[in-house]
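This is what each chain is made of:
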Amino acid sequence: MASRNIEPRRARRLLPRVGGRQLVVGVPFLWLLAFFLLPFLIVLRISFSEMDGASIGDLVVWADQQLSLTLRLQNYITLFQDDLYFATYGHSLVYAAVTTLVCLVIGYPFAYFMARAPKGLQPLLLMGVMLPFWTSFLLRVYAWKGLLDAQTGWVGRFLAHVHADQLLVPLGLIPAPGQFMYTPFSLVLGMVYTYLPFMVLPLYGTLSKMDLRLLEAAQDLGATAWQAFWRVTVPLSRSGIVAGAMLVFIPCVGEYVIPELLGGPQTLMIGRVLWDEFFSNNDWPMASSVAVVMVLLIIVPLALLNGSQARAREARP
Amino acid sequence: MIATPAGRWTGRAWLLLGFAFLYLPIVALVVFSFTDSPVPNVWAGFSLRWYHKLAGDEQIREALFVSLRIAAATATGAVLLGTLAAFALERFPRFRGRTAFAGMVSAPLVMPEVIVGLSLLLMLVSVQRVFGFPERGLTTIWLGHMLVGMAYATVVIGARLRDLNPQYEEAAQDLGARPVQVFFLVTLPMIAESMLAAWLLSFTLSLDDVVMSAFLSGPGSTTLPLVIFSRARLGLDPTVNALATVVIALAAVFVVASSYLIAARERRRFREGRAAGGGG
Chain D
200 MASRNIEPRR ARRLLPRVGG RQLVVGVPFL WLLAFFLLPF LIVLRISFSE
250 MDGASIGDLV VWADQQLSLT LRLQNYITLF QDDLYFATYG HSLVYAAVTT
300 LVCLVIGYPF AYFMARAPKG LQPLLLMGVM LPFWTSFLLR VYAWKGLLDA
350 QTGWVGRFLA HVHADQLLVP LGLIPAPGQF MYTPFSLVLG MVYTYLPFMV
400 LPLYGTLSKM DLRLLEAAQD LGATAWQAFW RVTVPLSRSG IVAGAMLVFI
450 PCVGEYVIPE LLGGPQTLMI GRVLWDEFFS NNDWPMASSV AVVMVLLIIV
500 PLALLNGSQA RAREARP
Chain A
13 MIATPAGRWT GRAWLLLGFA FLYLPIVALV VFSFTDSPVP NVWAGFSLRW
63 YHKLAGDEQI REALFVSLRI AAATATGAVL LGTLAAFALE RFPRFRGRTA
113 FAGMVSAPLV MPEVIVGLSL LLMLVSVQRV FGFPERGLTT IWLGHMLVGM
163 AYATVVIGAR LRDLNPQYEE AAQDLGARPV QVFFLVTLPM IAESMLAAWL
213 LSFTLSLDDV VMSAFLSGPG STTLPLVIFS RARLGLDPTV NALATVVIAL
263 AAVFVVASSY LIAARERRRF REGRAAGGGG
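If you read the sequences in order, they're chains D and A. Okay, so the first sequence: first residue is 200 according to my numbering, each after it adds one. Okay, so the second sequence: first residue is 13 according to my numbering, each after it adds one.
Keep in mind that the hints are not guaranteed to be accurate.
Computed cross-link-like contacts, SDA-like style, restricted to lysine to any residue with a CA-CA straight-line distance of at most 25 angstroms [said to hold, decoys possible]:
1) D:K318 with A:F31
2) D:K318 with D:Q465
3) D:K408 with A:L248
4) D:K408 with A:A264
5) D:K408 with A:K65
6) D:K408 with A:A275
7) D:K318 with A:R283
8) A:K65 with A:I274
9) D:K318 with A:A264
10) D:K408 with D:F332
11) D:K408 with D:A424
12) D:K408 with A:P105
13) A:K65 with A:L248
14) D:K318 with A:R243
Take a look, some chain A residues computed to stay more than 12 angstroms from chain D by CB distance [as the list claims (entries may be wrong)]:
15) R20
16) R24
17) F58
18) R73
19) E74
20) F104
21) F107
22) E125
23) F145
24) L197
25) M202
26) M207
These are calculated hints, taken from the structure and not from any lab test. Quantities reported herein were computed from a predicted structural model and do not represent experimental measurements. Ideal Cβ placement from N, Cα and C applies to all residues, glycine included.
Looking at chain D on its own, in the form it has when it is part of the complex (with noise of 0.2 angstroms):
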């Protein structure tokens, strides 16, 4: 960091730069504030008013001074009230909790085998991870529409051949037996395969960087193996753990294309109950509140990863 001991000659060098920082920190603040901050305020004071019929007209009630004032409660009310909106917010934490849980299972120990993959061979696997992300994600979920069919898909018919079907009914994943589609197995599924590299990344990147003489020492002191991952590698992963647990938990509260897509009636889920508000009832007050109350919910998330992102920032090399 240039800044860290600026000598006197170096900070009169320095003083020209005040105008060029004030434009490279000002042009992309301003451009958030406009385009993210004040597009929520705005959410956030239409969520207290109301609908004047099927009109959209009432959106402008900020123009008028004395009704904005009056903040209406009625939509939270109906959000608090509505077993159908409570029981919706619980399904999509639960979902987006399932999701990340399962893709940690599978994650943690996939980033750990590559971290201790053979040096050459690690970016192949690295690529391996992110290629999928630059072929459509929205054709990647559609895919499997078609391989989870009982009859017909690929992947529909293993989990028939194998007597799956057991073990998913008790669980309350599937309603019948050979009916993988559009139920919370099939939601969490496709779930899991969008958000599974998101979790993988920054577990390879607390993974690979981790000094492996601790794991000596470890052993050293007596540890045996399956004592020092859990005792050494599980706890110095913890930053990644956090970060890939919450960039897979907090899309997944919202998410709307996949339950749209692979769900059914048993998943609804929050952002398809915003999508309905929306684009169906024309409840734009409706949708709104559904949104502030979203963000409510997903807030100390938001606030663990960015706390994650920051100490990673510090943590230079």
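Model the placement of chain A on the given structure of chain D, informed by the hints.
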């Protein structure tokens, strides 16, 4: 844990199964684009009929054109803003509002798109009510995609900036270069590759986005993912498989070619570095 033979085999099996999981849908898309059956998960002999149908599909061609234009504009804007944002975050350890800035840069990365799309649309509608513009269309979709693209660009470019040895920049400064010169003559060439990567990533993301586009599109600005999504919702359509295969082939050629070029450059740089080291 991996030193034992059993551990090694578990590791290999786990990686293999993981990659199989990641690539199975891609393989299936490609395989069933060549089937001679109207249902794209049944193999009924080899045929190119879905490619013929794709070539004659007016709706897809138009949507593709719209999408490509938006994606190119998005990627360019996202890289410009992302470079500035990454530079601000990596090179200026403190400025007013830095925490808020860092939060806002990375939030669109994870923020559910329904929220970002809805809020941006409601703002644009409010603006339109007052000023009479912008109409919903290419520009509004572009604005939305820029938010997400910029977040990714900042991450990619920021990671590169963080890895750079600050001594190069400091040396240039000590030799009398002005900050602008330092940036354009020293920093920029060193982060150019990451900027290209960020451009490609934002391009791909924009080309793939459904939710944001659905909120922000207007009449005459239907993007390709919106067409695919509306067809995928109805059921399976082999034309979509054919389209997917084209997309995958293009992406594969592109990624392999660019990684080959980067690897060649790395090797050259390594040789030059060794020659310089040996000579000095």
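These are the hints, each one checked on the structure:
1. A hinted pair counts as satisfied when its Cα atoms are at most 25 angstroms apart, and D:K318 with A:F31 qualifies at roughly 18 angstroms.
2. Between the alpha carbons of D:K318 and D:Q465 the distance comes to roughly 46 angstroms, so the proposed pair goes past 25 angstroms and is violated.
3. Pair hint D:K408 plus A:L248 does not hold up; C-alpha atoms about 44 angstroms apart against a cutoff of 25 angstroms.
4. Straight-line distance between C-alpha atoms of D:K408 and A:A264 comes to about 29 angstroms, which puts the hinted pair past the 25 angstroms bound.
5. Straight-line distance between C-alpha atoms of D:K408 and A:K65 comes to about 50 angstroms, which puts the hinted pair past the 25 angstroms bound.
6. Of the supplied pair hints, the one linking D:K408 and A:A275 holds, its CA atoms being roughly 22 angstroms apart against a limit of 25 angstroms.
7. Under the criterion of a C-alpha separation no larger than 25 angstroms, the hint pairing D:K318 with A:R283 is consistent with the structure, at around 20 angstroms.
8. Taken as a hint, the A:K65 and A:I274 pair is broken in the structure, with Cα atoms around 37 angstroms apart against an allowance of 25 angstroms.
9. With a C-alpha separation of about 24 angstroms, the suggested pairing of D:K318 with A:A264 holds against the 25 angstroms cut-off.
10. A threshold of 25 angstroms between alpha carbons decides the hint, and for D:K408 with D:F332 the separation of about 23 angstroms falls inside it, so the pair holds.
11. Distance restraint check for D:K408 and D:A424: the Cα-Cα separation of roughly 19 angstroms lies within the 25 angstroms cut-off, and the hinted pair is therefore satisfied.
12. Between D:K408 and A:P105 the CA atoms are separated by roughly 24 angstroms; this keeps the pair inside 25 angstroms, and the hint holds.
13. The suggested pairing of A:K65 with A:L248 holds, with an alpha-carbon distance near 15 angstroms, which does not exceed 25 angstroms.
14. Taken as a hint, the D:K318 and A:R243 pair is broken in the structure, with Cα atoms around 44 angstroms apart against an allowance of 25 angstroms.
15. With a least CB separation of 9 angstroms from chain D, A:R20 falls inside the 12 angstroms interface cut-off, contrary to its annotation.
16. A Cβ of chain D approaches the Cβ of A:R24 within 12 angstroms, the least distance being about 8 angstroms, so the stated non-interface status is violated.
17. Separation of A:F58 from chain D is adequate, the least Cβ-Cβ distance of about 18 angstroms exceeding the 12 angstroms criterion.
18. Listed as outside the interface, A:R73 is consistent with that label: its C-beta sits roughly 17 angstroms from the nearest C-beta of chain D, beyond the 12 angstroms cut-off.
19. Non-interface status of A:E74 relative to chain D is upheld: no Cβ of that chain comes within 12 angstroms, the nearest being about 18 angstroms off.
20. Not every CB of chain D lies more than 12 angstroms from the CB of A:F104, the least distance being 7 angstroms, so the non-interface label is violated.
21. With a cut of 12 angstroms on Cβ distances, A:F107 falls inside the contact zone with chain D, its closest approach being about 6 angstroms.
22. Look at A:E125: its CB is around 7 angstroms from the nearest CB on chain D, not clear of 12 angstroms, so calling it non-interface is violated.
23. Its beta-carbon lying about 15 angstroms from the closest one in chain D, A:F145 satisfies the requirement of being farther than 12 angstroms from that chain.
24. Distance check for A:L197 against chain D: the nearest CB is about 15 angstroms away, which clears 12 angstroms, and the non-interface claim stands.
25. With a least CB separation of 15 angstroms from chain D, A:M202 remains clear of the 12 angstroms interface cut-off, as annotated.
26. Against chain D, the non-interface label of A:M207 holds: every CB pair exceeds 12 angstroms, the least being about 15 angstroms.
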